[in-house]
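Sequences and hints are given; from them, build the entire structure.
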Amino acid sequence: MQFCSFYRCVLFLLTLIFTTAPVSALEICPTRAKLHEPVMLSCIHQCSGLLKWNLLSNRDVILAQCNQTSCKSEKGFGISYDQYLHGDLSLTITAADYSKRNVYACECEDSDFTYVRLVIETVFTPVQMKPDEALRMTVSVPEPVEVIYKSGNSADEVICNVTKDSLQCKNDYRHRTSLTYPELTLRHMTPRDSGSYTIRDVKNNEDLQIYAVSVQDKSGFPVWGSVLIVLSLLCCCVGVGIYLLQKNKVSITLHTRLLQVERLVQQAEGGTEENISEVEMALDQLKQQYSNTKYSDKVNVFCNEKRKQLQEQQEHLKRGLERRLDQMDQLVQQAKEGTEENVREATKSLDQLKKQYEESEYSDKVSVFCRAKQKQLLNSQMLPVEQLVQQAEEGKEENIREAEEMIKQLEQQNNDYSDAVTSFCSAKWRQLNWYRLQHSNDERLMTERRELNSHLLHVDQIVQQAEEGSNEKIREAEKKLDQLDQQYRYKDYSEQIKFLCRLNSQLKHVEQLVQQAKEGKMENIKEVKMAIDHLEQQQYLNTENIKLKVEKVMDSVHKLRNGAEQKQEILSSRVVDEMEEYLKEIEKWCGEMRREIPTLIQQHRCGAV
47 MQFCSFYRCV LFLLTLIFTT APVSALEICP TRAKLHEPVM LSCIHQCSGL LKWNLLSNRD
107 VILAQCNQTS CKSEKGFGIS YDQYLHGDLS LTITAADYSK RNVYACECED SDFTYVRLVI
167 ETVFTPVQMK PDEALRMTVS VPEPVEVIYK SGNSADEVIC NVTKDSLQCK NDYRHRTSLT
227 YPELTLRHMT PRDSGSYTIR DVKNNEDLQI YAVSVQDKSG FPVWGSVLIV LSLLCCCVGV
287 GIYLLQKNKV SITLHTRLLQ VERLVQQAEG GTEENISEVE MALDQLKQQY SNTKYSDKVN
347 VFCNEKRKQL QEQQEHLKRG LERRLDQMDQ LVQQAKEGTE ENVREATKSL DQLKKQYEES
407 EYSDKVSVFC RAKQKQLLNS QMLPVEQLVQ QAEEGKEENI REAEEMIKQL EQQNNDYSDA
467 VTSFCSAKWR QLNWYRLQHS NDERLMTERR ELNSHLLHVD QIVQQAEEGS NEKIREAEKK
527 LDQLDQQYRY KDYSEQIKFL CRLNSQLKHV EQLVQQAKEG KMENIKEVKM AIDHLEQQQY
587 LNTENIKLKV EKVMDSVHKL RNGAEQKQEI LSSRVVDEME EYLKEIEKWC GEMRREIPTL
647 IQQHRCGAV
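Start counting the sequence shown at 47; every next residue gets the next number (the numbering used here).
If you are wondering where the hints come from, they were derived from the structure by calculation, not from laboratory data. All values reported here derive from a predicted model rather than from experimental measurement. Heads up, the beta-carbon is just placed ideally off N, CA and C, and yes, glycines get one too. Please note: incorrect hints may appear among the correct ones.
[Claimed, not checked] Dumping the calculated BS3-like pairs for lysine-lysine here, alpha-carbon to alpha-carbon at most 25 Å: (1) K421 to K442; (2) K80 to K176; (3) K80 to K146; (4) K454 to K382; (5) K401 to K421; (6) K400 to K364; (7) K411 to K454; (8) K80 to K340; (9) K382 to K394; (10) K216 to K146; (11) K121 to K98; (12) K176 to K146; (13) K394 to K411.
[Stated by the list, open to error] With beta-carbon atoms standing in for the labels, derived distance ranges: (14) V173 to D397: 54 to 60 Å; (15) S469 to L305: 57 to 63 Å; (16) V347 to Y127: 45 to 51 Å; (17) L280 to Y227: 44 to 50 Å; (18) V347 to D397: 40 to 46 Å.
Structure follows, in structure tokens:
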């Protein structure tokens, strides 16, 4: 068993060494498969167009392809249409063999997503033989191979060079070897021939098969003598074994733990952030377990090496995310100038992207990105309506009717955004009704307009008196505001009246929330965002830029929280400074808006909304 374990370790190191050569700007991810067993080449991306799997060395050889209606593949390969629709573009090789060793490219609309190299794992075959029997080995590929012999502590020795049609061996082996492709035979085996025989692919520098050969010794020694020797050796071995077992118990446990962690690292290659986090936790536990033992140096070297591998994988995932965000941004820009179907497709892709990363460390970044892009898509549809409503500001009936028709179309077309669109359209309906009230020549509306302006003027005077007055004046102003709100509550333009009555107090509320948010608590910052959203729903204040500042503050708090969870001793001063700067800008904006309130109220009173 020790003999087998030794060669497994050798095999593992050789596989790592010879499967990392890059051939393109994209990184090539190796995927290992067992001979004659199925294997999946992973490619996780969204592809709304034509997907192709082909060979990197010959892009004309198309092994599988999919579009929005169906998928098809060549013999020996498979791809799932349902998985393609959900962003899993993986290709299945039904039976991996040496002829399929190659670099495969996952391509969507002439853009490469992933390169995958198929590597066949070395086949390990233990062989027990009697003297004078023949060793039969399989040469699995027609390309040139070497037969390498190793015995005990001796160096590797190339004893034969083999191709499909030729066999060249050293003098010591020439007379007892023969080739009947694909079988290579070595006759008249003796105990001195015990050892390992490796079939190595010269072109790809890969070990195809390793035969661990043990030839029994043939001796004329008396049976009783053999029994006595065996019993003596057995007693010695038992004693030595007990001693070594006690001495090396920790070493054996360590070896097992290293293999377990190594398997986790291999699983994390080509995996997700969750897989990488699992490996990092295992490395921390391993390092802590052996921190004060004689194996601490060995464990530290092992852990540092594996962390480098994980960092490379994290960089690979990060670059993959940046490519996804760039592609999604292009899709959104195209959809803004396209049809309603293009907008729905882009929205669906954004939802899928957000769901894919919601459990990863990039969830905040992806969530902020997706919200911004969804808002861009929605604004691209709302902008024509907003422009028509602005044109209707002068109160011309034909402009108002044209804007009303556009609002009706927007309500019918955007079921996917029912809440946001309903809020927007309701505000625009109220705004148009307000324009009618301010500019109509209808006697009823003119009378109503005069009464409203008189009430607004009276309330404004009371509010101004209350700003530097007694508590009694303040209570009187608040009572008048409530009465005005109640009086016009059921009018089509009630929200405009409520806005004029409450805007000043709402901005004061936002300022108070900003002061609380300076403590860095996420719940306080979310309250600021909700309050600004409420102001935006009135459709009188432009809050887009200031909402972006709030998003950045939330992102900064997430960074600080993550640093604390990872027990970093010093949090980034840059992150703290950025957060404080954003909060100052929000506070400044609130002050500017409050100073503009008198002008805004005067504009409404004069009919120039």
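Checked hints:
With a CA separation close to 31 Å, the supplied pair K421 and K442 exceeds the 25 Å bound. For the given pair, K80 sits about 30 Å from K176 by alpha-carbon distance, which is inconsistent with the 25 Å threshold. Simply put, K80 and K146 have alpha-carbon atoms about 12 Å apart, close enough for the 25 Å limit, and the pair holds. Restraint check for K454 and K382: satisfied, since their Cα atoms lie roughly 20 Å apart, inside the 25 Å limit.
For the hint pairing K401 with K421, the CA-to-CA distance comes to about 17 Å; that is within 25 Å, so the pair holds. Restraint check for K400 and K364: the C-alpha separation of about 15 Å stays at or below 25 Å, so the hint holds. For the proposed pair K411 and K454, the alpha carbon gap of about 35 Å is over 25 Å, so the pair is violated. Between K80 and K340 the alpha-carbon distance is near 37 Å, which puts this suggested pair outside the 25 Å criterion.
For the hint pairing K382 with K394, the CA-to-CA distance comes to about 14 Å; that is within 25 Å, so the pair holds. The hinted pair formed by K216 and K146 fails the criterion: a straight-line CA distance of about 32 Å is larger than 25 Å. For a cut-off of 25 Å, the pair hint linking K121 to K98 stands: about 15 Å separates their Cα positions. Taking the CA atoms of K176 and K146, the gap is about 37 Å. The hint is violated against a cut of 25 Å.
Among the hinted pairs, K394 with K411 is consistent with the structure: their alpha-carbon atoms are about 18 Å apart, no more than 25 Å. Distance hint check: the CB atoms of V173 and D397 are about 57 Å apart, consistent with the given range 54 to 60 Å. Checked against the hint of 57 to 63 Å, the C-beta distance between S469 and L305 comes to roughly 58 Å, which is consistent with it. For the pair V347 and Y127, the beta carbons lie near 47 Å from each other, so the given range of 45 to 51 Å is met.
Checked against the hint of 44 to 50 Å, the C-beta distance between L280 and Y227 comes to roughly 46 Å, which is consistent with it. In this structure the hint that V347 and D397 lie 40 to 46 Å apart at CB holds, the actual value being about 45 Å.
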